[in-house]
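Participant: Position chain B relative to chain A; hints supplied.
Taken in sequence, the protein lines are chains A and B.
Reminder that position 70 of the first sequence reads as 70 in UniProt numbering, one-by-one numbering, no gaps.
Reminder that position 188 of the second sequence reads as 188 in UniProt numbering, one-by-one numbering, no gaps.
In case anyone wonders, no lab produced these hints; they're calculated from the structure.
It is possible that part of the hints are untrue.
[As the list claims (entries may be wrong)] The calculated EDC-like cross-link candidates involving lysine to aspartate or glutamate, where the alpha carbons are at most 20 Å apart (straight line), are:
1) A:Lys265 to B:Glu58
2) A:Lys122 to B:Asp70
3) A:Lys265 to B:Glu59
4) A:Lys265 to A:Glu226
5) A:Lys265 to B:Asp70
Given the structure is predicted, the values throughout are model-derived calculations rather than measurements.
Residues per chain are reported as follows:
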Amino acid sequence: MSTLLSSGGLLIAAVLLAAGWDRVRRLGRSALVLLAVISLLATVYVQVNRVSGAFPQSDVPELSSRGGEGSQLLTVTVHGGQSGLSLPMYVYLPAAYPDGDRFPVIEALHGYPGTPKTWLGKLHVQSYLDREIAAGRMAPAVVLFPTQTPRPLLDTECTNLRDGAQTETFLTVDVPAFARDHYRIRTDRAGWGLTGYSAGAFCATNLLLRHPTRYAAAASLAGYAEPGIDIGDGSQNTTNNPVWRLRHLPRPPVALWLGWAADDKESAGDSHRLTAFARAPISLTTAVIARGGHSSAVWRQLEAPAFDWLSAHLARPLP
Amino acid sequence: MSLTGVPLLLLATLITLILGGAVVRLWPRLRVIPRIAAVLLLEAALVLSAGLAVNRHEEFYPSWRALAGDTGTAVHQERVRAGGLDDRVAGTFTWRPSGWASWHLVGPPTVALPADYRSRPGVAFPVLLSSVPSRTPEAVTVSVEPTGRTTPQDLQALAAALRRDLRVTAAGWAVDVGPLSGSLVTLGTPGASPSDLPPPLTAPLTLPSAAPVRTASAGLPPAHTLGATDTPPTARAGMPS
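Okay, chain B solo, but in the shape it has when bound:
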């Protein structure tokens, strides 16, 4: 019988009414102890009926299993996906993924890895994508030299390739590539400095996600992150609040 259904509520109400009638009727003939038991029983039935009615209205516990605290879903630790180049690279290297030539850069990007990149295989590292030579010990630093023909789409393609080749976070990067930064807000905060990056963390605990309403384009990896890239980003200024 459903916890929030009418039948259970009717049953509880009926029991309460019958109990009430019986208590009133039998009262003169009962001794003290049975009277106490009868009063307490009637009070319990009243509270139960009222509780069922309130729960039916508010839906705090939609089912018996919910009432028992059974949530039916286990939290699990997300796996960090190994990067394709994890075993082959260390320190600083020139990165020539397939397709880099079409990104309209002056030359192939230079990638600098944190010193503990290989010793912490369970960690996804944040990324500093920068056009000014810089390096931070706790993030994967990607130095690029864009040209006038480099488009935001080129750098999104670079981001997708980077996520494939190295153990990096999907988004929340520090992006400092001149005027192009403003068009890459789905990757991270424009103009953020390395100290604004999230720390390199062990894979988080996660729960199953809802069926995606919009599927992300350009191979944004974790399926539960819906930061879509195909909508033109809007200006961030002038937010009334």
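Extracted from the complex, chain A is given alone in its bound form:
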């Protein structure tokens, strides 16, 4: 819709500029040029936003779609009691959900800038999950897609910013509490995993290392070894820095999957550093694809193997 509007505006501005030029004086001409520039910027903004998903197009749509295999996708808002954040979240319920089991849970985090909507749109996560579960390569699981950016351009990297947004608390306390209250899920560590792409992949790795008593496994899709932001307390160089943690703290017995594209220089370099330090008792698996840069084509390629791996490292659905 906004694509149509902005391209229409671009065209109209061009027509006005071309046709109106000879009929107006200097002031009018300036206005026409300005109009053309604004229409161009608006069009670029709309397209960049479409690709990055930085600003949600509208409020979170009331979405409750049934996948081909009978899975469900819900839209909820988590009012975080501990963090004070209220943010939208999508919830994937597998086709087997009505069977009455308690299911393992995967928290899937989005990149920055972005929203969890990218998982559902560009990354087609519902059909990937349906397919992997139907093929028996993944056990039925409840997958949560929480928001990790309280404001569209606030890069939290899923940490508790000093004197700022408490995203880590939201993701590791409030979201699990909400899930416990609303869904039939496993509540033990063995049944909880993390995943994410780009900044969300950093989040998954960092939160796994920081909360090994809450999560058993994490799969990072083109992630980083450090947050790349100033958290305010210097912890970006220490306790919120996975490489620092792996080098200086006792390593927790967790399972970690790192996937990246070989030509994504920053993520490849960071993943190699993590690989070098993630020694026993951490069980590490790596996956590399030849090229694709830092793009959704890469995450799409990585997501099915990542979910399969996660499922094999999480506890089974509990009857």
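Facilitator: Chain B in isolation, oriented as in the chain A frame:
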């Protein structure tokens, strides 16, 4: 010409500048339709140059092929490796692999297979390694009786032999062998109950792995699993976070 290289960026900028100059110069002589086309063309050139500059800086798409969404690697389904004893065993049996005598156990381990072990040849089963008599229908149960001389290395050797003889997962087992469990965290969670095990799953989709930074010792099978066993495991308590 490289997508992120300077030549392409220069070319795009040059074209934009020439276009801009031409539009300004020819503007009074152009009719309406050519003017519209000229404006749109100039705008496209501007956006293209800016896009190239941003992509060069951020490296979202390092190559033309990456831009086309070509990732150059296919996902493939991993093959489950058949166990050496798959065709010969069923139900519950006493397992006497070569070398069991050196594991300092009271007797040879007893292995109980899930009922569907043979009918699901594409599935790797999780393992319950236990010193207390127990059995779970959905995992390969290995009952052992350690002695005071049994070491973690003995049980790692047992694990390696088990991976060779049966279709089992490489790690993520439930390990309940008394005080020794704490030294076997690379095999699985100490004290985990059968209900904490992953389900028996079909072979997963996988991608090629990176060149291993550390090679796993003691024959841990899949090459992409780097859970090394030669580093002393560290305590799990007291993790600041």
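Participant: Does each hint hold? Answer for all of them.
Facilitator: So, going through the hints one by one against the coordinates:
no.	hint	result
1	A:Lys265 to B:Glu58	10 Å, holds
2	A:Lys122 to B:Asp70	16 Å, holds
3	A:Lys265 to B:Glu59	8 Å, holds
4	A:Lys265 to A:Glu226	15 Å, holds
5	A:Lys265 to B:Asp70	17 Å, holds
Violated hints for the displayed structure: none, as all numbered hints are satisfied.
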